[in-house]
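Residue numbers (my numbering), protein chains in the order written: chain L, 3 to 175; chain V, 143 to 379.
Because the hints were derived from the structure by calculation, they are not lab data.
Hints are supplied without guarantee of correctness; some may be wrong.
[Stated by the list, open to error] Capping the alpha-carbon separation at 20 Å, the derived lysine to aspartate or glutamate pairs in EDC-like fashion look like this: (1) K181(V) <-> D169(V); (2) K36(L) <-> E319(V); (3) K31(L) <-> E199(V); (4) K36(L) <-> E376(V); (5) K105(L) <-> E93(L); (6) K46(L) <-> E195(V); (7) K39(L) <-> D207(V); (8) K31(L) <-> D43(L); (9) K206(V) <-> E44(L); (10) K206(V) <-> D43(L); (11) K181(V) <-> E166(L); (12) K39(L) <-> E376(V); (13) K31(L) <-> E195(V); (14) K154(L) <-> D135(L); (15) K377(V) <-> E342(V); (16) K105(L) <-> E121(L); (17) K181(V) <-> D43(L); (18) K48(L) <-> E195(V); (19) K104(L) <-> E121(L); (20) K46(L) <-> E319(V); (21) K139(L) <-> D163(L); (22) K39(L) <-> E195(V); (23) K31(L) <-> D169(V); (24) K46(L) <-> D169(V); (25) K36(L) <-> E315(V); (26) K48(L) <-> E199(V); (27) K139(L) <-> E108(L); (28) K293(V) <-> E315(V); (29) K377(V) <-> E319(V); (30) K206(V) <-> E376(V).
[Said to hold, decoys possible] Covered by chain V, according to a simulated footprint, are these stretches of chain L (three or more residues, beta-carbon under 8 Å): (31) 3 to 12; (32) 26 to 33; (33) 101 to 109.
A quick note: this is a predicted structure, and the numbers were derived from the prediction, not measured.
Glycine is no exception: its CB is placed at the ideal position from the N, C-alpha and C atoms.
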Amino acid sequence: MEILNLLGLETPLFIFQIINFLIIAYILKRFAYKPIKAMLDERKRKIEQSLQDAQNAKIALENAGAERKKILGSAQADANAAILAAKTSAEETKEKLKNEAKKQSEQIIADAKQKAAMEFENLNKQVGQISADISGKIMSKVFENLFSEEDKQKILARALDKIEKAGYEKRAD
Amino acid sequence: MSIAPGVLFTIAGFPVTNTILATLLTDAAIITIVILLGKTISLRPGRLQNIFESVVEYFYNSVKDIAGQRASFIYPWVTSFFIFIVAANLIEFIPGFESVRFLPNNVLHEDGEHGFAFLRAATSDLNLTLALAVITVIASHYYSIKETGFKSYLSRFISLKMFPIMLFVGFLEFISELVKFVSFSFRLFGNIYAGDMLLEKTFYFVMPLEVFVGLIQALVFAMLTMAFMNILTEKHH
Numbered sequence: 003m004e005i006l007n008l009l010g011l012e013t014p015l016f017i018f019q020i021i022n023f024l025i026i027a028y029i030l031k032r033f034a035y036k037p038i039k040a041m042l043d044e045r046k047r048k049i050e051q052s053l054q055d056a057q058n059a060k061i062a063l064e065n066a067g068a069e070r071k072k073i074l075g076s077a078q079a080d081a082n083a084a085i086l087a088a089k090t091s092a093e094e095t096k097e098k099l100k101n102e103a104k105k106q107s108e109q110i111i112a113d114a115k116q117k118a119a120m121e122f123e124n125l126n127k128q129v130g131q132i133s134a135d136i137s138g139k140i141m142s143k144v145f146e147n148l149f150s151e152e153d154k155q156k157i158l159a160r161a162l163d164k165i166e167k168a169g170y171e172k173r174a175d
Numbered sequence: 143m144s145i146a147p148g149v150l151f152t153i154a155g156f157p158v159t160n161t162i163l164a165t166l167l168t169d170a171a172i173i174t175i176v177i178l179l180g181k182t183i184s185l186r187p188g189r190l191q192n193i194f195e196s197v198v199e200y201f202y203n204s205v206k207d208i209a210g211q212r213a214s215f216i217y218p219w220v221t222s223f224f225i226f227i228v229a230a231n232l233i234e235f236i237p238g239f240e241s242v243r244f245l246p247n248n249v250l251h252e253d254g255e256h257g258f259a260f261l262r263a264a265t266s267d268l269n270l271t272l273a274l275a276v277i278t279v280i281a282s283h284y285y286s287i288k289e290t291g292f293k294s295y296l297s298r299f300i301s302l303k304m305f306p307i308m309l310f311v312g313f314l315e316f317i318s319e320l321v322k323f324v325s326f327s328f329r330l331f332g333n334i335y336a337g338d339m340l341l342e343k344t345f346y347f348v349m350p351l352e353v354f355v356g357l358i359q360a361l362v363f364a365m366l367t368m369a370f371m372n373i374l375t376e377k378h379h
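Okay, chain V solo, but in the shape it has when bound:
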C-alpha cells in the first residue's frame, strides 16, 4: 500500500483518486443525513435528530465554556471538522473498502500487489488532512484579525517590548503557527493511514480499535481547532 493515493482515472487532467472517490462518498453520506434531518426535524426529536442534536449541543457547550460569546462562529467549524472526519474515518468500514482492488492496465503493481484499493479512507490521503489543517489555520487567523484587530494580531508575532525577548517569542509563535500545518495534517494522516495498513494486514481483526481511533482522531482534530481558534481570537497582551 503506497502512501500516495491511487489514480483511478482523470477528468480533463484532474486525477480522480481512490481517496477522492471516498471523499465524495463521505460527502454523499453527510448530505443524505442532512436532507433526512431537514425532512424529519421537529420539537420531538427522532433517533437521527437526537444523535445530531447531541453532537451539536456537545460542541456548542464545550466551545461556549471556553470561548463565551465567540462560540457562535467557532462551534460550526469545530463541529464540521468532527462530523466530516468521523464520517470519512468510519466510512472505510463499509465492506469493499480496501478489499476491492483496481488494476490499472490489468497488470500487477511493481511491489507484487494486485493493483490498489478502489476505495481508500479519505483521511489516509495527505491532500485532505493538509487541506483541513490549512482551513483550520487560515480560519483561526481570519477570526483573530476580525475579533482582536490587525494591530493586536500583529503584536502576537512582532513586538518590541522587552527587546529582544518578545521579538524572539513572536518568532517562536510564528514558527508554532507553521508547525500547526504539519502537526494537524500528519497526526490525522498518520493515524488513519497506519490503521488502514493494519486493517489490510490483519483482515479486520483490529476493526473495533480502528473505529475507536477514527472517533478519537476526529475529536482530537476538532478539539485542537477549538483550542487554537479560542487562543487566537483572544486579545493579545
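Only chain L is shown next, with the shape it has when bound in the complex:
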C-alpha cells in the first residue's frame, strides 16, 4: 500500500480515468471514425465507379469507332451498288432508246420507200396514159388519110394495146 501511495494510485482517480477514456473512445468511434470511414468508403466507391465509367467509355468509344467503320463500309457498299445500278440503268435506257430510234428510223425508211414506190407507179401510169394519148393523136394524124375509118380504128386499137402492154411491162420491171 505504501508503494501505491507513493506512485499516486488512487481508486477514484483510476476509475475516473477508465470512464473518461471509454467516453472519449465512444465519441471518437461514433462521431469521427464512423463518418470518416463512410467518407473513405464513399470516396473509394466513387473512384472505382469513375474508373469503371472511364473503362466503359473507352469500350463505348472503341465500339462507336468500329460501328462508324461498319456504317461507313456499309454506306460505301450501298453507294457503289447504287452507282452500279444507275450505270446499268443508264446503259439499258441508252440501249432501249437506241433500239427505238433505230426501229423508228427503219419504219420511216420503209414508209418512205413504200410511198416512193406508190408515187413511181402512179407516175408510170400517168406517163403511160399520156404516151398513149400522144401516140393516139400522132397515129390519128399520120394515118388519117391512108386508111379507111375502119382500118384506122383497128390499127389504132392494136397500137394502143401494144403501148399499154409495153407500159405495164416497164412498170413491172
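Place chain V on chain L using the hints.
Chain V alone, transformed into the frame defined by chain L:
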C-alpha cells in the same frame, strides 16, 4: 516533482489533481476537433480532415493487414489509444504547463520546491496509464471470448495436453497477461514522467526530443494493443 499528481482541490471527496485537469483539457481538445471535423467533413477533405483520415486509414489498414476481418472492432480501440495518448502527451507543450505553479496553503513544499505544477501531463499519472492498460487487457480478453468462444479462450491458459508441459505454458500465459498491466502502464508512465522531469530541469531544451517521445510512446501503446488483440482473437490450437 513527486510521482503522485498534486491535488488541486476536492469535489465531494473526489480529488481533482493537476493530471485530471490535463485529462479534461485533452478531452476538450479532442471533442473540439471531433465537432470541427463533423461540421467540415466532405468528399473533398480539408486540412483537418486530411490529418484525421490519414490516421484512421493508417491504423485501419495496419490492423486489416494482420487481423483481416477482425479489423472492424480492433481498429477503433487502437486508433483511440493513439489519438488520446498523442493528445495527452503533446498538450503538455502548451505554455504554462508545468511552469505555472500551485501553492496549497501558500507554503513551500517540503522539498523546497514552490508548490507543484498547476497542469501536468495526463500520461505522467500512473492512474491514467494503468486505466488504459486495464482497458486494453479487458477489451482484448472480451473480444477473445467473443471471437474464439469460451472453451478456446480457456484452453489458452488451462490445457491438459502433453501434461504437464501445456499446463505450465498456460500458467506462463496467465502470468504474461498479468504482466501486461505493468508493462503497458509503466512504459508510458515512465517515459512521459521522465520526459517531464527532463523538461522541467532543462527548460525545454529537449522539447523536440520529447515531442518525438510522445508520438513514439503513443504509437507503441497502439501497436502493442493491436498485436495483443490480434493474438488473443485468433483461434487457439
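Hint check:
{"no.": "1", "hint": "K181(V) <-> D169(V)", "result": "holds (18 Å)"}
{"no.": "2", "hint": "K36(L) <-> E319(V)", "result": "violated (31 Å)"}
{"no.": "3", "hint": "K31(L) <-> E199(V)", "result": "holds (13 Å)"}
{"no.": "4", "hint": "K36(L) <-> E376(V)", "result": "violated (25 Å)"}
{"no.": "5", "hint": "K105(L) <-> E93(L)", "result": "holds (18 Å)"}
{"no.": "6", "hint": "K46(L) <-> E195(V)", "result": "holds (13 Å)"}
{"no.": "7", "hint": "K39(L) <-> D207(V)", "result": "holds (17 Å)"}
{"no.": "8", "hint": "K31(L) <-> D43(L)", "result": "holds (16 Å)"}
{"no.": "9", "hint": "K206(V) <-> E44(L)", "result": "holds (18 Å)"}
{"no.": "10", "hint": "K206(V) <-> D43(L)", "result": "holds (15 Å)"}
{"no.": "11", "hint": "K181(V) <-> E166(L)", "result": "violated (139 Å)"}
{"no.": "12", "hint": "K39(L) <-> E376(V)", "result": "violated (25 Å)"}
{"no.": "13", "hint": "K31(L) <-> E195(V)", "result": "holds (13 Å)"}
{"no.": "14", "hint": "K154(L) <-> D135(L)", "result": "holds (15 Å)"}
{"no.": "15", "hint": "K377(V) <-> E342(V)", "result": "violated (48 Å)"}
{"no.": "16", "hint": "K105(L) <-> E121(L)", "result": "violated (24 Å)"}
{"no.": "17", "hint": "K181(V) <-> D43(L)", "result": "holds (19 Å)"}
{"no.": "18", "hint": "K48(L) <-> E195(V)", "result": "holds (17 Å)"}
{"no.": "19", "hint": "K104(L) <-> E121(L)", "result": "violated (25 Å)"}
{"no.": "20", "hint": "K46(L) <-> E319(V)", "result": "violated (39 Å)"}
{"no.": "21", "hint": "K139(L) <-> D163(L)", "result": "holds (14 Å)"}
{"no.": "22", "hint": "K39(L) <-> E195(V)", "result": "holds (8 Å)"}
{"no.": "23", "hint": "K31(L) <-> D169(V)", "result": "holds (14 Å)"}
{"no.": "24", "hint": "K46(L) <-> D169(V)", "result": "violated (31 Å)"}
{"no.": "25", "hint": "K36(L) <-> E315(V)", "result": "violated (35 Å)"}
{"no.": "26", "hint": "K48(L) <-> E199(V)", "result": "holds (17 Å)"}
{"no.": "27", "hint": "K139(L) <-> E108(L)", "result": "violated (46 Å)"}
{"no.": "28", "hint": "K293(V) <-> E315(V)", "result": "holds (16 Å)"}
{"no.": "29", "hint": "K377(V) <-> E319(V)", "result": "holds (17 Å)"}
{"no.": "30", "hint": "K206(V) <-> E376(V)", "result": "holds (14 Å)"}
{"no.": "31", "hint": "3 to 12", "result": "holds (count 6)"}
{"no.": "32", "hint": "26 to 33", "result": "holds (count 6)"}
{"no.": "33", "hint": "101 to 109", "result": "violated (count 0)"}
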